[in-house]
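As a plain string of letters, each chain reads:
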Amino acid sequence: MMTRQISTALPIFLIIYVIQEAVLNQFRLPGGGFSLLLIFTLVWAVLSSPEIAAFSGFTAGLLMDLSGSSSGPIGQWTLLMVAACYAVSYFGSGNESLYGNPLGFTLFTTSAVFFIELAYVVTGALLGVQSGSFAQILITIFGISLWSLVATPIFLPFFSRLHALVFNTRSAI
Amino acid sequence: MRRVGEGHSRLLLIILIVTALFLITLDLRGVGVLEGARQGTQTALSPFQKAGSVVINPIKNFFSDVTHLGRTRNEIEKLRLDNAKLRANLINRKNADAQLGQLKSILNLAGIAQYKVINARVISQGSSQSFSQTITIDAGSNAGIKKNMTVLSENGIAGVVKDVYPSTALISLATDPSFNIGVRIAGSQQIGILSGRGNRSAGLQLIDNLTNVKVGDVLLSRGSIANRPFVPGVPVGYVTAVDNSAGSIAQSATVHLYTNFATLGVVAVVVGAPVNNPGDALVPAKPEPTPVPTVTIYITPSPTPTN
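Taken in order, these protein sequences are the chains called A and B. Its first residue numbered 20, the first sequence is counted upward by one per residue in my numbering. Its first residue numbered 4, the second sequence is counted upward by one per residue in my numbering.
Among the hints, erroneous ones may be present.
Unchecked claim - Reference listing, derived: stretches of chain A covered by chain B, where coverage requires no fewer than 3 residues with Cβ under 8 Å from a Cβ of chain B:
| id | segment |
| --- | --- |
| 1 | 24-31 |
| 2 | 59-66 |
| 3 | 117-130 |
| 4 | 151-161 |
| 5 | 167-176 |
Claimed, not checked - Now the stretches of chain B that chain A is said to cover, found in silico as 3 or more residues with beta-carbon under 8 Å:
| id | segment |
| --- | --- |
| 6 | 143-149 |
| 7 | 183-194 |
| 8 | 197-207 |
| 9 | 294-306 |
Just so you know, the hints here were simulated from the structure itself, not pulled from any lab data. The structure displayed is predicted, hence computed values, not measured ones. Glycine included, every Cβ here is placed at the ideal spot set by N, Cα and C.
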C-alpha cells in the first residue's frame with residue numbers, strides 16, 4: 020500500500036521540481052523568492068503519516084541537492100528535509116487545529132520553512148559552506164519566509180487535493 | 004498530536020538520516036558518482052530551463068519593473084522619461100536589442116584585450132534557497148567551455164564557470180559569498196583580494212598595509228596561473244569606501260562592482276586569453292560631467308537721490 024502511494028507521489032515531486040527549476044528560478048524576486056518544492060513537501064508531510072513524510076522529505080531533499088544552484092554538499096538538504104518532514108508530520112498529522120484551519124496551516128508551514136532555512140545555514144557553516152554576511156542571511160531567510168507566507172495559501176488547496184487524490188482520503192483544507 | 008510509538012517508524016527515520024549522512028560524507032570526500040548525478044540532473048533540466056526562459060521572459064520583465072518601484076521620485080521621473088523614449092524607439096525589439104547592446108559591449112571589451120570569447124544567453128537564475136548567487140547559460144562543454152573560466156558582462160567581470168554540462172554551464176556570480184578574485188588597483192598596481200557579499204557591493208582586502216587606496220580607485224583582475232580561473236585586466240569595480248581603522252592588519256575597502264547582475268541577459272566566457280597582459284587598457288572611461296550653464300547677472304545700482 021505504502022509502496023504504491025510513494026510510487027504515485029514520485030512523479031508529482033519530479034514535476035514540482037522541474038517547475039521550480041525551469042520556471043520559478045527564472046524570477047529573481049526581492050528577498051530570495053520561495054521554493055515551491057519546499058512548500059509542497061512540507062504540506063505533503065503535514066498531511067501524511069511520519070513514515071510517508073520522511074520518505075517525501077528524502078526525495079525532495081535529494082532533488083534539491085541535485086540542483087546545480089545548491090551550494091552545499093549532496094546530502095545536506097536530504098538530511099534536513101528528512102528530519103524536518105518527520106517533525107512536521109509528527110506535530111501536524113492528525114492535528115485537528117491545523118486541518119480545519121488554513122491560516123494555522125499556512126503559519127505552521129511558513130514557520131517550518133523559516134527553521135529549515137536557518138538549519139541549512141547552521142549546518143552549512145559546520146560543513147564549511149559560505150553563505151554570505153549575517154545581514155544578507157537574515158534578509159534571505161526572512162524574505163523566503165515572507166514569500167512562503169504569501170505563496171502557501173495560494174497553492175495549499177491544490178496540494179491538499181492532490182494529496183487526497185493519491186492517498187484516497189477526503190481533502191480537509 | 005500523533006503518538007509515534009512504533010519502532011518501525013523510528014527505524015525508517017534512522018535509515019534515511021544515516022543515508023543522508025553517508026551522501027554528505029561521500030560528497031565531501033569528492034566521490035565522482037555524486038558529482039556525476041548533479042551534472043546528469045542539470046543536463047536533463049537544461050531543455051526545460053531553455054523553454055522556460057523563452058516563455059517566462061516577458062513575465063520576468065514585468066516583475067523586474069514592479070520590483071524596482073521603490074526608488075526616489077527623481078529617479079522614477081527620469082526612468083519614466085527614458086522609458087517613454089525607449090518605448091517609442093524599441094516597440095517590438097526591446098528584448099532583442101537590449102541583448103544585442105550587451106553583446107556589443109562585451110565584444111568591445113573582449114576585443115580591446117584580445118580575449119577569445121564564447122557568447123551565451125542567461126537561461127536561468129540560481130535558486131536563493133541555498134544562499135548562492137548563480138546563473139545558468141545556454142552554452143556548455145559542446146561549445147568549448149570548461150570549468151574555471153572567466154565570465155564577462157558588458158561592463159566587466161560577471162563571475163566564473165562553476166560547473167559545465169554538455170549544453171549549459173553554471174556560473175558562480177561575483178556577488179556569491181564564496182567568490183574570491185585577486186585584483187590590482189589600476190595605476191598604482193597594488194594588489195588585494197576581492198570577495199563577494201551577496202549583493203553588488205564587494206569587500207576588498209589589500210595585501211600590503213602600506214598601500215594607499217582611495218575612493219574612486221578602479222580595480223582590475225590580476226589574472227591567474229594559465230589564465231584560469233581569471234584572465235588579467237578585466238574591470239571588476241571601483242572603491243566606494245575605505246576602512247582606515249587603526250590596528251587592522253591589512254587595509255580594507257568596499258567596492259561597487261561594475262556589472263549590473265539584475266539585468267544580465269548575455270554574457271561571454273573567455274576561452275582564450277591574450278598573449279600579452281592588457282594592463283590598464285580596459286579601465287572604463289570616467290563619465291564626463293555635464294556642463295552646467297552659469298548665468299551671470301550684472302546689476303547696476305541706480306543713483307540714490309540726494310537732497
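* Asked: Which of the stated hints cannot be reconciled with the structure, identified by number in ascending sequence?
  -> 1, 2, 3, 5, 6, 7, 9
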